[in-house]
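Engineer: Letter by letter, the chains look like this.
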Amino acid sequence: MTADEAVGRLADGMTVGIGGWGSRRKPMALVRALLRSGLTDLTVVSNGGPDVGLLVAAGRVRKLVAPFVTLDSIPLEPHFRTARQRGEPELMELDEAIFLWGLTAAARRLPFLPVRAGLGSDVLRINPSLRTVTSPYPDGEELLAAPALDLDVALVHLNRADAHGNAQYLGPDPYYDDLFCEAAHEAYVSCERVVSSAEFAEGGGPQTLLVQRHCVTGVIEAPGGAHFTSCVPDYERDEAFQAAYAKAASDPVAWREFAERFLSGDEDDYRAAVAACRGEGA
Amino acid sequence: MTGGTGASRAEVCAVACAEVWRGSGEILASPLGGAVPVIGARLAKLTFAPELLLTDGEAMLMADVPALGAQARVVEGWLPYRRHLELATGGRRHALLGASQLDRHGNQNISCIGDWKRPERQLIGMRGLPVNTLNHPVSYWIPRHSPRVLVERVDVVCGVGHDRAAAAGPAATRFHRLVRVVTDLAVLDFETPDRTLRVRSLHPGVAPGALRAATGFPLAVPADVPRTRVPTPAELRLIRDVLDPDGLREREVPSS
Numbered sequence: 000m001t002a003d004e005a006v007g008r009l010a011d012g013m014t015v016g017i018g019g020w021g022s023r024r025k026p027m028a029l030v031r032a033l034l035r036s037g038l039t040d041l042t043v044v045s046n047g048g049p050d051v052g053l054l055v056a057a058g059r060v061r062k063l064v065a066p067f068v069t070l071d072s073i074p075l076e077p078h079f080r081t082a083r084q085r086g087e088p089e090l091m092e093l094d095e096a097i098f099l100w101g102l103t104a105a106a107r108r109l110p111f112l113p114v115r116a117g118l119g120s121d122v123l124r125i126n127p128s129l130r131t132v133t134s135p136y137p138d139g140e141e142l143l144a145a146p147a148l149d150l151d152v153a154l155v156h157l158n159r160a161d162a163h164g165n166a167q168y169l170g171p172d173p174y175y176d177d178l179f180c181e182a183a184h185e186a187y188v189s190c191e192r193v194v195s196s197a198e199f200a201e202g203g204g205p206q207t208l209l210v211q212r213h214c215v216t217g218v219i220e221a222p223g224g225a226h227f228t229s230c231v232p233d234y235e236r237d238e239a240f241q242a243a244y245a246k247a248a249s250d251p252v253a254w255r256e257f258a259e260r261f262l263s264g265d266e267d268d269y270r271a272a273v274a275a276c277r278g279e280g281a
Numbered sequence: 000m001t002g003g004t005g006a007s008r009a010e011v012c013a014v015a016c017a018e019v020w021r022g023s024g025e026i027l028a029s030p031l032g033g034a035v036p037v038i039g040a041r042l043a044k045l046t047f048a049p050e051l052l053l054t055d056g057e058a059m060l061m062a063d064v065p066a067l068g069a070q071a072r073v074v075e076g077w078l079p080y081r082r083h084l085e086l087a088t089g090g091r092r093h094a095l096l097g098a099s100q101l102d103r104h105g106n107q108n109i110s111c112i113g114d115w116k117r118p119e120r121q122l123i124g125m126r127g128l129p130v131n132t133l134n135h136p137v138s139y140w141i142p143r144h145s146p147r148v149l150v151e152r153v154d155v156v157c158g159v160g161h162d163r164a165a166a167a168g169p170a171a172t173r174f175h176r177l178v179r180v181v182t183d184l185a186v187l188d189f190e191t192p193d194r195t196l197r198v199r200s201l202h203p204g205v206a207p208g209a210l211r212a213a214t215g216f217p218l219a220v221p222a223d224v225p226r227t228r229v230p231t232p233a234e235l236r237l238i239r240d241v242l243d244p245d246g247l248r249e250r251e252v253p254s255s
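Chains as they are written, first to last, in numbering that gives the first Met the number 0: chain A, 0 to 281; chain B, 0 to 255.
Rather than coming from a laboratory, the hints here were simulated on the basis of the structure.
Treat each hint with caution, since some may be false.
[Said to hold, decoys possible] Just so you have them, the derived chain B footprint on chain A, three or more residues with Cβ under 8 Å: (1) 134 to 144; (2) 167 to 174; (3) 246 to 258.
By construction, the Cβ of each residue, glycine as well, lies at the ideal position given by its N, Cα and C atoms.
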């Protein structure tokens, strides 16, 4: 299926988990399809990068659940920063461990998992819905009950996938992509290249088969689908493009021009605009 | 240049960072928040703490000790973000982390400046600080010691300080351990009866008054406070020739 078809199955108000990490292996083709779709009122669950910045800037996010938002080589995401300084969107700022345990709980169909995190910090002050739980064993410790982060849908990008929904990562880090898929009712996997299942073995050992088809609703072939974030070993982050993005994002007029140039068309238009931009820089 | 060996301030800081891992044993050293902590961890491994585990900043544990920005040639393990976080909860890690704000109790903030609901300045987010500080030793690196960083009260408690951990109870204090705060002016620790910051050593060339003026809360600087040790000739060679030949440390801590 195409990214637009996948996004066409989603609805306003859904909770959407987005894979990748910061500005690494983000399912940007799917995010760009979300931007085209008009979907709104979303709850986004993400180890945040430009996915969060773009969706927040477009006013699609009612609530964000995240432990951070960063572009990695550019520490602060300018769209996110601007929005937060206006008091938007609603934010559930979690510790990385509460976030991981919450996704794990959702994947295991548990209401929560205990975690030694958050106690003593302002995680509890800024998230008044969080609760603690007392160990039923003789230690009696009072720990944080990380709430399950149940997802309506997960969007992830991997290096390879077959048509059945099995997906392979060839980079050094799986991030939480498998977990996002397992924590979601539906998952859409975009990939650099759709291959036959027999071709997986050429890419790497069986442990590179990160996502299994029983968790996956749809597969989207999207070459360059993580651009401008990294998708190693297929490509590194496009630092020049990211710098241009961040510069434009810091100024409303420049951002309107940037969005018109790169985000007003479909994914083919995006690729053509990026190629033209590279040509200018050469 | 300061001290008898001709070491720069950045080089004194790198050695002070290395010292936080002395005697740590076979644990993961996680230097974040700048070049100087990374130089420190690698220097510790090359000198007095060869048993330390080091990451490449991404998913690999490095068996060798490359220069800043160079790739490891020998990988001895795999530690992607998820496993790294799980390792942290097991306690076998001592991280040297950055701080946008830090108070005398060791509460640390990297979330935002101002009211959390509508901040004056949004920062990166609290990341793993709440879990890190409750589960393994943590130290902080502050490349610009100023009243804006060393504050009376942090706006958002991300890393948990001694007062907040104590108030939160035994589950919070069980593995809570703040070790050092290394800044461009001094080394501080919490080895006081009320576990608030004290000056452990002043870097060579720093006047006590300058340290007090750069701190946003009253800080006692005893007349007999030691000076931070300067690098040995062997350490200087490692810093300059092996670990940071491009001199990134001098950009982080300029020698004025």
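Engineer: Against this structure, judge whether each hint is valid.
Structural biologist: Checked hints:
| no. | hint | result |
| --- | --- | --- |
| 1 | 134 to 144 | holds (count 3) |
| 2 | 167 to 174 | holds (count 4) |
| 3 | 246 to 258 | violated (count 0) |
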